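Please build the complex by placing chain B on the supplied structure of chain A, with the hints as guidance.
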Amino acid sequence: MLLNLEGIAPEDWKYTSLSEVLSRKYTLGEKVKAEGSFLPGFKSILVVNGYAENLSEATETDSSLPFVKLNSQFSPGSLELTLTPDLPVHIVYVTKGNDVSSSPVFSSPRCDVKGEGLLVESFIGEGAYLNCPVTTFEVSPNKRIEHVRIIEEAGDHISAVLSKLNRDSYFSSTVFSFDGKLIRNDVVMTLAGENAFGVLNGLSIGNTSQHIDNNTVIDHQVQNCESRELYKGIYDDNSKGVFGGTIIVRPDAQKTNAIQSNRAILLSDDSTIDSRPQLKIWADDVKCTHGATVGKLDDNALFYLRSRGVPIKLARAMLIKAFASEVKVSNRAISDLIEEKITNKLTK
Amino acid sequence: MLEVKDLHVEVEGKKILNGLTLKIGAGEVHAIMGVNGSGKSTLASVIAGKDGYEITKGTILFEGKDLLEMEAEERAHLGLFLAFQYPVELPGVLSSYFLRTAFNATREARGEAPLSVVEFSKYLKERASFVEMDEELLKRAVNDGFSGGEKKRNEILQMAVLDPRFCILDETDSGLDIDALQIVARGVNKLRAANKSFLVITHYQRLLNYIVPDFVHVMIDGKIVKSGGKELALELEEKGYTWVRENVA
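From first to last, the protein sequence lines are chains A and B. Count the first sequence with this note's numbering and you get residues 1023 to 1370, in order. Count the second sequence with this note's numbering and you get residues 441 to 689, in order.
With the rest of the complex left out, here is chain A (with noise of 0.2 Å):
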């Protein structure tokens, strides 16, 4: 089958190119067998193709992203989760895909979150494919919900993460992106009650031609809430990163406070970033902030570590590491996980 795509907003897709992902033949991922290895100490859910036990018939979502809605019609149904503050669920997402790159596997998994509590999304595979995940969460009032996504795809990766905050609400979204030849996450986060608090961060880290696009949509619909945005990234060999970073504040939300922030270092003459912070404030009484940077790595920090003794491969590793640690995940086990992939992905 073909991808029929409807409803591309070119402004949205201007720095990533989807004529290779929309000229392949798909066939659709079916239900087989797989593995995958889960944190000590959490609920293990496993996925695969899209496939997982208790499925529920996947529910129309309001969002207009095309790749959202190619999820609803091809999903095998949804993952109904409540998450609990006593046991953090972690789900594991395998796409099995084909030996022949022309006739890649589609797989479009689908999960909608509400409770209290903590998930973490692994995205694993092997072989040709597209993996389409879709995740919603509903936070109700006074609840708190933290997530974090860790991305290490064999193929290509075009994914939502879309939020609904209400009344006195928390939550947090942390997207990690180590491996996929291309991907493309939309984070999109609707702060639709009073004192909402919502939190995205993300962390790539892109080598070979790796092509990694996070757009993200803040939208304060109403007054009293805030946001924080930091994005940040890490890109060597021909590697691209794109960053979309839109701040709603409809006219309703005054006393809005957000602040956002995209920083970059390119590691290689051929990599590159396009980063492109918008703003749209209909309120006036709001406090918003962006910014972005671009740079390479600090060649008076550089020297400083050599003339300690420090070689200069470790060096850069320990400059690289440092900045990405600025994207922090609470908890222990999952930051020792993410600093281990970190150090796996800057020594390949």
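Note that these hints are calculated values from the structure, not bench results.
Mimicking DSS-like on lysine-lysine, the simulated pairs with C-alpha atoms at most 27 Å apart in a straight line are: (1) K565/B <-> K636/B; (2) K1335/A <-> K505/B; (3) K579/B <-> K1363/A; (4) K1091/A <-> K1047/A; (5) K1318/A <-> K454/B; (6) K1335/A <-> K490/B.
Across the chosen pairs, the derived CB separations fall in these ranges: (7) E1042/A <-> R550/B: 49 to 59 Å; (8) A1355/A <-> S569/B: 35 to 45 Å; (9) E1348/A <-> W683/B: 49 to 59 Å; (10) E1348/A <-> R646/B: 31 to 41 Å; (11) I1281/A <-> D617/B: 30 to 40 Å; (12) S569/B <-> A1339/A: 28 to 38 Å; (13) V558/B <-> K1136/A: 39 to 49 Å; (14) R550/B <-> E1362/A: 25 to 35 Å; (15) G680/B <-> D1259/A: 52 to 62 Å; (16) G585/B <-> P1107/A: 26 to 36 Å; (17) I1334/A <-> D654/B: 27 to 37 Å.
Just so you know, these numbers come straight off a predicted model, no measurement behind them. C-beta: ideal position from N, C-alpha, C; glycine also.
Just chain B, lined up with the frame of chain A:
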């Protein structure tokens, strides 16, 4: 120990050092004094191995070995240390981890076994107390958010830990109040030894009241124009750099 011979250095086509010659023996403390722009810091950077300088002529030998052929880290492994005029802030790099990495890299380069975390932590405590410095600095990221005084103290602490044989202090006194200056100088004096040499670069004589040099050199326009004992610093303080310039001319 260190021998600089007829050193000519350019930065982006501009001549900074013009035939500088300097010989420093083991256990000696030399001071280089000069006005801003005379090339003092360039000399420090070139000895330490910073990129961006074109050496058009001359040699730098350290115990007979050609330093100019070596990377900055290799020079450090030989026992060279530069206390920076502007120590670099490294947010996200924990001081103790940084020092252990540097220390063990040097040990490994010398064919010695690295110290374990526990062994190094004990050693670190000993060295900090030897130079009468607070260990608190080591619990933070390197120089991150440090005051000017804290940064300079941290340089001396690093010097104590890495235990180099040749130390360059590049305007360590700049931006320090008298109390901080005394703490820094006391640390340096504790580290003075028969097998260690120091090159103290400064604009003012004040620091040399506390770190008393064996030799003083005056640098003008990229070369040493006058050398003498510690009394030269006092004479210079009294008569000014113009006096040297006129004397030379």
